[in-house]
Amino acid sequence: MASLADPITAGDSFISRIDPRIRLVCAAAITLPVAVLNIIDPAWIALATGIAFVFLARITLSNLLKRLCIINLFILFLWLFIPFSQPGEFSFSIGPFNATHEGISLALLISIKSNAIVLILMSLMGTIAIQDLGPAMQQLKIPNKLCHILLFTYRYIFVIHQEYTTMCRAMQARGFKPKTNTHTYRSYAWLVGMLLIKSWDRAERVHGAMRCRGFQGRFYTLAEFNTGLKDYIFLAASLLLALGLIFTELAHRGLI
Amino acid sequence: MNHAIIDLKDITYAFPNRENALNGLTFHLHHDDKLGLFGPNGAGKTTMLHILMGLIKPQKGKVELFGKTMADGKAFDEARLRIGFLFQHSDDQLFCPTVLDDVTFGPLNQGLARDDALNRATQALEIVGLAGFEDRVPYRLSGGEKKLVALATVLAMKPEILVLDEPTTGLAPEAKDRLIEILKGLDMARLVVSHDPDFLAATTDRLLVMRDGCIRPGELKPHTHTHIHEEGDIPHQH
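Protein chains in written order, with our numbering: chain A, 1 to 256; chain B, 257 to 494.
FYI, nobody ran anything at the bench for these hints, they're computed from the structure. There could be a bad hint or two in this list.
The calculated lysine to aspartate or glutamate pairs, modelled on EDC-like cross-linking and capped at a C-alpha distance of 16 Å, are [stated by the list, open to error]:
1) A/K198 / B/D348
2) B/K330 / B/E320
3) B/K432 / B/E422
4) B/K414 / B/D348
5) B/K313 / A/E204
Reference listing, derived: stretches of chain B covered by chain A, where coverage requires no fewer than 3 residues with Cβ under 8 Å from a Cβ of chain A [claimed, not checked]:
6) 335-347
7) 350-356
8) 360-366
9) 370-384
Pair ranges (Cβ atoms, derived) [unchecked claim]:
10) A/V192 / B/K477: 32 to 38 Å
11) B/N279 / A/I142: 45 to 51 Å
12) B/R392 / A/K179: 39 to 45 Å
13) B/D372 / A/H183: 31 to 37 Å
14) B/L442 / A/T165: 43 to 49 Å
15) A/M194 / B/N279: 27 to 33 Å
16) A/K66 / B/N279: 44 to 50 Å
17) B/V465 / A/T180: 52 to 58 Å
Ideal Cβ positions, reconstructed from N, Cα and C, are used throughout, including at glycine.
In isolation and in its complexed conformation, chain B is listed as follows:
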């Protein structure tokens, strides 16, 4: 039987003096899932991701990762090393003086020897197309480059799942296309949170929607587009 590697059960979370951000939320992700999560601002998407990574504690509910109940911080410490979490803002994720230091940070924390960590970093930078950026200073990179370095820092840990929080925030179309190409080349389970339906369609297999603190499957709904071009009134097909 294919067990869920991420299993959130009946999660409830409220910020102080506010309504519930998450309201009995239940969510599963399996080994071969590539899920997209879509939802309006303030729907609780990032809160859910932070709960699943053990960065905040829900008031109610249970988090299971890789078949184990996350009872305390130590359990999360181990599970985090197997999940690649890309933060919405790369400046939150990149803090080392050089790109190489940042990309090797995770592998060194995993207990890898210096040379192995360096190999991992080189491979990860090659995957994201930033070979040769090792000695660059992260804060001086462009927004797109920072995002790719942040992705490399995650890939260098060889995670079993990728969890991406709004990966296209602030990215130019070219950088977004590049990110799509990289993600298409990675065959691993993923959960992508985004406001960008095109990005989700290109990088995931299934869409979920978050509303009112709960997750439900995306529904197929017919809709119409209006567009304009020369001689558009002549009957034609696209």
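Next comes chain A alone, as it looks inside the complex:
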């Protein structure tokens, strides 16, 4: 959990000096077209872009691998099913299961797109300090409620995790050992239920504390952002890339 709060970069970098608002716009502009790509060549370009961004952001290798491992663990499950469930030309078989070229291509496309999106988001959004992320979103006119949710999720996920750890320790101290039985399932259900109740109570208290300090639904921020020529060039390059991806996809679908 502490890793969430630790910086993922090895210090100051080209990307970290870009205005956070520009980084947010670029992240959205590039990742949305990548998510809907149906052809593999532009997906490779997106992956290459993600790798380039990782270098420009100076993300440390350990942080990079840790996060990629988590994502690719899920993708691994896709590889267990998709190659064998897509109709098409026979490729190979494992026992009674026949894999197809189309299935393998689809699994590969999803893997490339997922990794590309993670790399781009990690480089562009993951490098924005949390105290700048909320204000940057607010200045981009993203709804206040979304900004608040993000801010509070980040702040209270640690508190909730602390509560969870305390409750787990209290259970262990009374001899609880998780097993595959109803007692374990029931105990965990109570633990989750209690976490929800405690979170609700805390949310009420936090809201009360905020009202006591004059909060009336709007956050004021200390953050000041400056946009320079370098930021605009980065934005233009990112938008061009996004347009290229969209154009390729539309051409592939025969819409242009």
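Starting from the known structure of chain A, arrange chain B on it as the hints suggest.
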């Protein structure tokens, strides 16, 4: 005439399916009062504070703050900006990504410009002895530091009254001593709710006791202490 700045009249409040937590409670606090409120667990101390801040609504009674009747939420919104309320648990009060963001939160809500809010925050952090903590992450501070940051968030609003709910909960003796020193240096009206008689004696002028949902003045009662030391049976004085 010295009007009460906090005036609770005949307040009654009950939680669902329970006996009255507050039972016709009446309480006044004037500009120069430094009051301590003592009482057993479940006596209704925190409930009273939440009613006075407008966080919960009593079933009966009247709340007057700064000479005005608190008829609705808007009246409370204005009054709250003049009362510094320190919550029992600092984690409830600190929610921003950095200490500086948290301390400037109140002043910015008061409508101060960015630079003025920053000045206020710097001053408040200096008062509590945490200058240099501006960029620290609140959730990573120690319990004592969190409490002091929470106090700074309140002081930065330049309140006319301090209302402290169990400020010594979970504090180590050193942190408690530090809090006492800070409070002694602040010349403003206050209401301190605590289980700690020594803390109340050090930070307030008068003690009130809450029992059965009502407040009454603390009574002077003679009592004896037993203590032990070497050769204690030889007649001596302390």
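Now for the hints, and whether the structure bears them out:
Taking the CA atoms of A/K198 and B/D348, the gap is near 12 Å; set against the 16 Å cutoff, the hint holds. About 13 Å separates the Cα atoms of B/K330 and B/E320, which keeps this hinted pair within 16 Å; it holds. For the given pair, B/K432 sits about 11 Å from B/E422 by alpha-carbon distance, which is consistent with the 16 Å threshold. Taking the CA atoms of B/K414 and B/D348, the gap is about 20 Å. The hint is violated against a cut of 16 Å.
A hinted pair counts as satisfied when its Cα atoms are at most 16 Å apart, and B/K313 with A/E204 qualifies at roughly 15 Å. A stretch counts as covered by a chain when three or more of its residues have a beta carbon under 8 Å from one of that chain; for the region 335-347 of chain B and chain A the count is 7, and the coverage holds. Three residues within the 8 Å Cβ limit are the bar, and the region 350-356 of chain B against chain A gives 5, so the coverage statement holds. Interface restraint, the region 360-366 of chain B with chain A: holds (6 residues with C-beta to C-beta distance below 8 Å; minimum three).
Given a C-beta distance limit of less than 8 Å, the hint that chain A covers the region 370-384 of chain B holds, as 3 residues qualify and 3 suffice. Hint check: A/V192 to B/K477, Cβ distance near 49 Å, so the stated range 32 to 38 Å is violated. Taken as a hint, the range 45 to 51 Å holds for the pair B/N279 and A/I142, whose Cβ atoms sit roughly 49 Å apart. Range check, B/R392 to A/K179: Cβ separation about 42 Å, and the 39 to 45 Å hint holds.
At roughly 59 Å, the beta carbons of B/D372 and A/H183 sit outside the given window of 31 to 37 Å. For B/L442 paired with A/T165, a C-beta distance near 36 Å fails the hint of 43 to 49 Å. With their beta carbons about 32 Å apart, A/M194 and B/N279 fall inside the hinted range of 27 to 33 Å. Under the hint 44 to 50 Å, the C-beta atoms of A/K66 and B/N279, about 57 Å apart, miss the expected range.
Here the CB-CB span from B/V465 to A/T180 is close to 55 Å, well matched to the stated 52 to 58 Å.
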